[in-house]
Amino acid sequence: MSGCTPDEKEKKVYMFFYDFFKDMDKYLKYEKDLEVNYEGDSSIINCAFTLSGFYGDNVKPATVCRKFKYLTKLIYTKRLEDLPNFNMYLSYWLNAELAKIHDINTCAKFFYRTLQVKDPKFRAEYSSTIKIHDIPENDLITMNVMYTLYKKYNEINEIINNNTPDVKKCIQLSSECVQIYKEIENVCSQGKTDACIVLNDFESKYKELISNPTTVSKCGNKPLPSLKGDEAAPPRGSTVLDGRISQIIEIKQPSDGASSGSSIDIQSMIIPVFAILGTFIITFMLYKFTSFGSWIEFRIKKKKNILNNVDGESNHSQDTSEYEHTIADNISYIISYNSP
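The sequence shown begins at 1452 in the numbering used here and counts up by one.
Simulated from the structure, these hints should not be mistaken for laboratory data.
Glycine included, each C-beta is placed from N, C-alpha and C at the ideal position.
Quick list of in silico lysine-lysine cross-link-like pairs, DSSO-like style, CA-CA up to 30 Å:
1. Lys-1620 - Lys-1477
2. Lys-1582 - Lys-1473
3. Lys-1518 - Lys-1480
4. Lys-1518 - Lys-1477
5. Lys-1569 - Lys-1551
6. Lys-1603 - Lys-1518
7. Lys-1656 - Lys-1480
8. Lys-1603 - Lys-1524
9. Lys-1473 - Lys-1673
10. Lys-1679 - Lys-1620
11. Lys-1560 - Lys-1529
12. Lys-1669 - Lys-1658
13. Lys-1656 - Lys-1603
14. Lys-1480 - Lys-1551
15. Lys-1511 - Lys-1480
16. Lys-1679 - Lys-1473
So the derived label-pair ranges between C-beta atoms look like this:
17. Pro-1664 - Lys-1582: 42 to 50 Å
18. Glu-1659 - Lys-1633: 17 to 25 Å
19. Lys-1572 - Pro-1664: 47 to 55 Å
20. Ile-1732 - Asn-1605: 54 to 62 Å
21. Thr-1456 - Ala-1513: 19 to 27 Å
22. Asn-1608 - Val-1568: 36 to 44 Å
23. Ser-1668 - Asn-1509: 49 to 57 Å
24. Ser-1655 - Glu-1634: 12 to 20 Å
25. Val-1510 - Glu-1659: 41 to 49 Å
26. Asn-1614 - Glu-1634: 27 to 35 Å
27. Lys-1619 - Ile-1732: 44 to 52 Å
28. Asn-1672 - Lys-1524: 38 to 46 Å
29. Ser-1626 - Lys-1569: 40 to 48 Å
Construct the entire structure; sequences and hints are all you get.
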């Protein structure tokens, strides 16, 4: 397939080949259906044909033919307006499957034309809608890596949504994602704009996935590795918002020297607080559960009685003074009344 390249008319379409990756989760579901059910579909016929340039067993091309017809039928029966990039996906799928057959040198576009000639009914039903294009080998390699990334990403999602998650498998898949990502992380620097957009989209999805507390809890309660080594994985149970808050805190932190001084100031504030709190607790325990408490109560009551006695004497003196003053006034009145 090394000579399979899009012609001049296909170049505009080719620019959007990577667009189907944004719906990869849907296409992967179709592929699961394909692997389980394509052999039992009796409507798939006329796949036993010989390809020019193929000198091996016809079983492999026939299998690709049957799978392609079933996948086309499966996607076509769905609402195609929900999957506007289905032609790009089917083109990728057919190019990738033919590339796996090492003793064949047939391009995807030619394979599709041969399939239509051998099956007029299929051609009449799908040829006006399904358009297959050849993909250059270097782009097909990049797409294969991205396909593997998305497949493992979806497998992690399936583990998270499972009631009995496979922790070991989850950790393994995330580690594999990191390793595979390193194979194509330089596509942006190579000027592959469409591939770069897809890769950046995957980075965002994966980062959101490993930042989800549910992911952490179902994958061993440990942060999953990040795609880039310079990005620390979020702590256990953290969220994206927590990460943003942490970034703000880090920005506001002073230098090492200032940080050290700040740490000392905090310690000097905390130590007296704990000392006072400890003294209060010890005093309370002595008061409630030892004879020290009885002695304190006795002293308090004694002082209270003394204060009450002093108040009583003061009130008595005041009453006596008022009584004496009243008597003096009466005597003074009597004397003035009896005087001539």
